[in-house]
Amino acid sequence: MYPKNCFYQDILKEDVFMKLCPKADDIWFWAMAVLNDVKINVVEGNIRRIETSFMDFGEVGQLYDDNQKQNDILLKNILDAYPKLREQIRFDSSEYWESRYKSYVNNSTTHDLSVRGGGQLIGASGAGSYNNLAVFKAEILNAFVKEHSVQNVLEFGCGDGNQLKLAKYPYYVGLDVSKTAIECNVKQFANDTTKQFYVVGDYDFRGKEAELSLSLDVIYHLIQDEVFEDYMHNLFESSSCFVGIYASNKEEPYNSHVKHRKFSAWIEQNAKEWKLYRFIPNKYPFNEKNPNHTSFADFYFYKKDQ
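Residue numbers (this note's numbering): 264 to 569.
To be clear, the hints were calculated from the coordinates, so they are not data collected in a lab. Keep in mind that the hints are not guaranteed to be accurate.
To be verified - Under the rule of at most 20 Å between Cα atoms (straight-line distance), these lysine to any residue pairs were calculated in the SDA-like manner:
1) Lys567 <-> Gly470
2) Lys347 <-> Asp300
3) Lys282 <-> Tyr345
4) Lys428 <-> Asn395
5) Lys286 <-> Arg363
6) Lys282 <-> Asp335
7) Lys567 <-> Asn533
8) Lys409 <-> Ile543
9) Lys525 <-> Asn545
10) Lys535 <-> Ser501
11) Lys442 <-> Tyr461
12) Lys546 <-> Ile403
13) Lys535 <-> His496
14) Lys567 <-> Glu536
15) Lys409 <-> Lys567
16) Lys567 <-> His496
17) Lys442 <-> Tyr466
18) Lys286 <-> Asn334
19) Lys538 <-> Glu474
20) Lys365 <-> Asp288
21) Lys525 <-> Asp493
22) Lys513 <-> Ala534
23) Lys471 <-> Tyr461
24) Lys428 <-> Lys450
25) Lys525 <-> Tyr540
26) Lys428 <-> Glu446
27) Lys339 <-> Pro285
28) Lys525 <-> Leu539
29) Lys538 <-> Glu472
30) Lys442 <-> Gly464
31) Lys450 <-> Val368
32) Lys267 <-> Asn299
33) Lys302 <-> Leu338
To be verified - Have a look at the derived ranges for each label pair, beta carbon to beta carbon:
34) Ser412 <-> Glu531: 23 to 31 Å
35) Asp278 <-> Lys428: 46 to 54 Å
36) Glu489 <-> Glu350: 14 to 22 Å
37) Phe542 <-> Glu492: 18 to 26 Å
38) Trp529 <-> Asp278: 44 to 52 Å
39) Glu350 <-> His520: 15 to 23 Å
40) Asp343 <-> Gly470: 49 to 57 Å
Nothing here was measured: the structure is a model prediction, and the numbers come from that model. Cβ atoms here follow ideal geometry from the backbone N, Cα and C, with glycine treated the same way.
Hey, can you work out the whole structure from these sequences and the hints?
Quick look at the structure:
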């Protein structure tokens with residue numbers, strides 16, 4: 264099934280697998296490949312069900328439910344067991360999000376990004392774009408746009424589009440690093456002429472300043488420092504008046520795809536013509552016992568000195 268010598272020598276050690284990451288063979292395959300300096304590529308449309316498989320395909324959804332929020336624990340188990348793995352990991356935020364959005368499309372019966380298994384209304388963009396958190400963000404943003412008569416909005420990281428369903432913007436452009444997310448949004452809002460979507464690398468910023476540029480639940484996902492730098496420059500250089508940021512504002516590593524950053528310090532050093540105009544604390548501050556309905560992000564609106 265796999266090329267010879269593709270995986271690390273421990274790949275078939277069932278006792279090690281069951282000890283470190285039971286119910287997570289995808290993580291196990293990934294780790295064994297990385298340890299052998301091999302990258303796994305998912306070939307779409309090349310998966311077939313093996314009728315003699317030990318897996319009960321009718322219980323796949325239950326398996327997803329049982330394993331929710333365990334990935335970080337399982338990753339830690341493997342990293343502790345194989346210290347060399349830490350040295351070989353090269354996290355790419357763009358690759359992570361493209362893979363994440365694509366997995367939601369491939370596992371959805373409707374081929375969209377809005378709902379994942381177990382009946383929970385939380386899609387590919389995560390809990391912050393759904394339910395009470397999405398409503399809170401929409402209330403703040405819609406009120407701000409109305410108060411300042413903002414006519415055009417540019418968002419860096421539009422995600423799966425669920426948050427946008429609640430938005431009331433005269434004109435909107437959404438950018439994302441994920442081609443899959445953009446394709447889904449183009450289809451989802453096909454009949455709305457006030458909205459356009461582009462892969463960020465394909466968008467021509469020249470002469471297209473927005474009155475309000477937005478970053479919602481994105482900054483703390485920018486693990487690589489160089490990606491963070493480019494993102495912040497684009498965010499502020501693309502606006503003529505306001506920048507709205509919804510994020511944490513502290514320096515602290517969190518997990519494999521979250522790195523809290525003191526972005527206000529970057530602004531003070533690199534965008535000195537921008538001043539904090541309004542701070543709005545989260546209506547639902549983070550509670551580790553209720554992570555899907557609380558958040559460590561707050562609103563920070565910056566205004567450019569004219």
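Just pull the numbers of the violated hints for me, sorted ascending. The structure conflicts with no hint, since it agrees with every one listed earlier.
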